[in-house]
Amino acid sequence: MKLSSISIKNPVFAWMLMFSLILFGALGFTKLGINENPDVDYPSISISYEYEGATPEVVEKDVLEPAESILVSMQGIKDMTSTAGRGQGRIELEFSLDKNIDFALQEVQTLLGRAQRLLPDTVETPTVTKSNAADDPVMYLALVSTTLNERELNILFKDGIIDQLTTIEGVSEVRAFGARDPMMRVDVKAEKLEQYQLTLSDIVETLKRESVELPAGKFETPETETSLRVLGEGRTVEDFNNMIINRRGGRANYVPIRLSDVAHIYAGVENRTRISRVNRTPSLSMPIYKQRGVNAVEVADRVKERVKEISNNLPEGTNLSVNFDRTSFIRLSINELLQNLLLSVLLTSLVCWLFLNSMSATINILLAIPTAIIGTFAFMYLMGFSLNTFSLLGLTLAIGIVVDDAIVMLENIVRYAKKGHDKVQASFKGSSEIAFAVLATTAVLVAIFAPITMMPGIEGRFFREFALTICIAVSLSSLEALTLAPMRCSQFLNVASEGIFIHHWVDSAVDFGKRTYVKCLNFALGHRIKILLTSLVVIFISFTSLNFIDKEFAPESDRSFMFVIFIAPDGKSLDYTNAKVKEYEAIVEKNENVRRMIVAVGGGRGATSGNRGFGVLILKDRNERTKTQFEIASDLRKELAGIEGIKIIIRDRMGSAIGGRRGSPIEFTITGPDAEIQAQLYKQLEKEMRESKLMVGVRSDDIGELPEVHIIPDRIKAQQRGVEVRTIAEALNVGVGGVSATKYTERGRRYDVFVQLKEEDRTRENISSLLLQNNRGEFVTLNDVVKIEDAFGPQSIYRENRARGIRVDANLNTDVAQSKAIAFIKEVSKKVLPKGYYIKFSKDLNESLFSVLMIMVLGLVIAYMVLASQFNSFSDPITVFLAIPFGLAGSFIALWLSGSTLNIYSMIGILLTMGIVKKTSILIVEFSNQLRDEGKELTDAILVACETRFRPIIMTTFTTLASALPAAIIVGAGSETRRPMALVIIGGVFLSTIFTLIVVPCFYSLIARPRRKILEEV
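Residue numbers (the working numbering): -16 to 1001.
Simulated from the structure, these hints should not be mistaken for laboratory data.
One thing to keep in mind: the hints can contain errors.
With a straight-line Cα cutoff of 25 Å, these simulated DMTMM-like cross-link-like pairs (lysine to aspartate or glutamate) come out [as the list claims (entries may be wrong)]:
1) 565 to 622
2) 191 to 614
3) 621 to 671
4) 603 to 614
5) 555 to 729
6) 621 to 674
7) 741 to 772
8) 175 to 735
9) 44 to 81
10) 172 to 618
11) 741 to 729
12) 191 to 203
13) 573 to 618
14) 14 to 216
15) 406 to 917
16) 823 to 51
17) 809 to 674
18) 813 to 622
19) 700 to 713
20) 670 to 688
21) 603 to 618
22) 818 to 783
23) 573 to 607
24) 402 to 917
Let's have the full structure, built from the sequences with the hints guiding it.
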């Protein structure tokens, strides 16, 4: 071919091509980010609202419904879900994949501006964010102190720590769990209000009038300017204590009353809604979020360095430490992949050396690896990829493919050299003869993998890097085989070496195999129909193994950490839940596999949920323990079952980043017209799921009820006494909910002045005696104009496409496949759900696997068109495709024998196998065609082609198996996703090679048509 000839004639050009690929690849490698997953924009936007003190039903009615009514008009929305909680609401918009998420974000913000006019005045502008695969915190820090009180610790965090962390390069946000904002507390005494005939509004208005600093202008003279300041803002506790309440109900108050007479004023913190601990020690936990597209590992390293710097300046007895580093798994996983990559190279090198009997030939082939693999890094950088589990997995599995082209090329050149040609002539003849086969195999592999970039759903976005990385590596290996390999052979090829004893053994084994193969082939060609029928039976029997293979979306990895969810009975207090969580901590502390435990009891900012809690269990590294993460979780579930009065759910299976919305293996929503019936159906389904023993930790956040006290205004009595409903609502808003009346400055920062009834007065009995002032200036007690009733309200409300639903999450029991659990739920739901009620899984397993199947079909169609064009034949591609059924059969058998599941990773591995196994067919068919064009009869051409190509076929098979072997047998971080992919390649390539060597020649001999002679125009 022309490319080979150019390289052989211009070796310096070829060397420069090789060095440039390695140089720019190395430069690109140094600039690639390191992350667990590709930096993928999810087609979704999150909108968060804060509505202080509101119940879920009020949030739904006053915030979510009006906002949704505006957002629903937006084009491209696939799903709209929302959740209303205590004091907060959240809307999730999922768009179709063709929607530009940046434009969508701008459009959403515009619509929310319109919606804001429909919301209550106290609802602040929402926070709008894009969802991303790397949105989880990269690490958690813990701030603990034995010498500082809670207020001092929070001021230290606000003033001395958070700014130093957020300025780190690559950090986007630092949050704090358990943090309580410093503030000036004005705790009003209910009995003093009654004594002095004051209302809560009088206190708030006094603070607004008495603690104020407004611009006062300046004095100007011809020579000077002097600014004026009215220092009327309170700065200390004493300042606020001495403020005078001059008005009562808007009228003058002639009796001097100080604020300190009716309230306890002190520098404190906001109300306690969450208790945070690390290893049973109170702490302030800080999740660190990274910016998009940056190197997660580098960000974590910078944070650790800054933590050391900050720690040197902390007060005595105060410590800032790394509590949980999520990048540890990324580091381990990437290191495992790099080790697999290196081992694949070493094993491939060994196979080449054993077969080629020449160190120079071996080095010649191995130079294809840095050229193709390192060269790929340059293109990865240009395309904005990162070093992640998907791209590195693609490179690892590509090792065997990369050297295959070089092996086929070199083996053919060596064959001519052993016939007596010098190395230059051998390079010319060998490269020109094999070039078509190299191009055909490369084109087929690219045709198989390119359609993955069109895979629907978010999984297509993730596997895009995997597919394109393989396509680039394979294309570069083809370029290397057609240019650099022949050039190096023309300069350095040495076939005179006799090798050592092991080479003689390998040569003898290959020669024996070749002789045996030729005998079997001669027999098979005499019984072609029987051979083909037998092969169909073998394929059919092999495919029955599919019935014994479990299915799941993605395999779970042992990440050395687990999440824990605490659910106390409805209406239980923060202190009750905290006491139960302490029992949990006492049990877990004794477990030898646990390195650290984190708990957060109660709700967060803007919400109160005292009966809930959350925890993280950080386990020892995998090599430091004898049990897997899933076995430890199973043991803990049994131990924790003895704690009564609280439900403890251990989530040892995190779900995949390309899995469902909430990260659990089982996620679905119950929908239907009536919310009460939905709750009843959940209880029936929950019972069935629990009793099946297939699932553990079945739960829903949408059925819990919390006790409420309903204040019902008696409008007739209120009218008679001249009291407005707004007056009632404002009194309760201040007294129970609390309001920020004004702000003050402390140490250069602005803090709230917070007014609320003191804690012991915030009870049902005390609020009934609160004073209200009517429109005539008279005082009326709250009890005179309202009815107070006990009731229950939902803990949270979930809406899907503007209708209520109930979300259900569950974890899988030990050794239970996802497909079995999903099939069970679908079967039970048919019996339980009445007409009009449905369940909707957040991720449809069958739909995802079907989309991969469609990509396979599309890849085969494209590959057929490519091969038909290259062979100029409609029938030859069909012959080539005969290898695929045997490859599939081998893949399924490998999954069955190893106990692995059919998942999206193993399906991608099967896709790769389909591309690899066709190489054997292409080598046989292409060379047979060449020999027939030279005048040989069909049978003779087949026999010569098969015998000649036997050695390179066996070599490429062994190198492919060797490159996949480390990923199949090495257990380490993330190996659960790599192993099924490698197993299907090993099983598919092994079985396909055995059968293809016999079946393809038989089939080819049956359908091969006479070769056409193309007359060249003179």
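Going through the hints against the structure:
Using a Cα cut-off of 25 Å, the hinted pair residue 565 and residue 622 holds, with the two alpha carbons roughly 14 Å apart. As the CA atoms of residue 191 and residue 614 are separated by approximately 60 Å, the hinted pair breaks the 25 Å bound. For the suggested pair residue 621 and residue 671, the alpha carbons sit about 20 Å apart, so the restraint of at most 25 Å is met. Between residue 603 and residue 614 the CA atoms are separated by roughly 14 Å; this keeps the pair inside 25 Å, and the hint holds.
Between residue 555 and residue 729 the CA atoms are separated by roughly 37 Å; this puts the pair beyond 25 Å, and the hint is violated. A distance of roughly 16 Å separates the Cα atoms of residue 621 and residue 674; the hinted pair therefore holds under the 25 Å criterion. With a C-alpha separation of about 23 Å, the suggested pair residue 741 and residue 772 falls inside the 25 Å cut-off, and the hint holds. Restraint check for residue 175 and residue 735: the C-alpha separation of about 23 Å stays at or below 25 Å, so the hint holds.
Proximity of residue 44 to residue 81 is assessed by CA-CA distance (about 32 Å); at most 25 Å being required, the pair is judged violated. Pair hint residue 172 plus residue 618 does not hold up; C-alpha atoms about 51 Å apart against a cutoff of 25 Å. Of the supplied pair hints, the one linking residue 741 and residue 729 holds, its CA atoms being roughly 23 Å apart against a limit of 25 Å. Between residue 191 and residue 203, the direct Cα distance comes to roughly 30 Å. Violation of the 25 Å bound is thereby established for this hinted pair.
Restraint check for residue 573 and residue 618: satisfied, since their Cα atoms lie roughly 12 Å apart, inside the 25 Å limit. As the CA atoms of residue 14 and residue 216 are separated by approximately 53 Å, the hinted pair breaks the 25 Å bound. Between residue 406 and residue 917 the CA atoms are separated by roughly 24 Å; this keeps the pair inside 25 Å, and the hint holds. In summary, the hint linking residue 823 to residue 51 is supported, as the alpha carbons are separated by about 21 Å, within the 25 Å threshold.
Between residue 809 and residue 674, the direct Cα distance comes to roughly 15 Å. Compliance with the 25 Å bound is thereby established for this hinted pair. Annotation: proposed proximity of residue 813 to residue 622 is violated, straight-line Cα distance about 35 Å (limit 25 Å). This hinted pair checks out: residue 700 and residue 713 have alpha carbons roughly 18 Å apart, not beyond 25 Å. At roughly 19 Å between alpha-carbon atoms, residue 670 and residue 688 fall within 25 Å of each other, so this suggested pair holds.
For the suggested pair residue 603 and residue 618, the alpha carbons sit about 16 Å apart, so the restraint of at most 25 Å is met. Between residue 818 and residue 783, the direct Cα distance comes to roughly 19 Å. Compliance with the 25 Å bound is thereby established for this hinted pair. The hinted pair formed by residue 573 and residue 607 meets the criterion: a straight-line CA distance of about 16 Å does not exceed 25 Å. Note on residue 402 and residue 917: the hinted pairing holds, with a Cα-Cα distance of about 19 Å set against a maximum of 25 Å.
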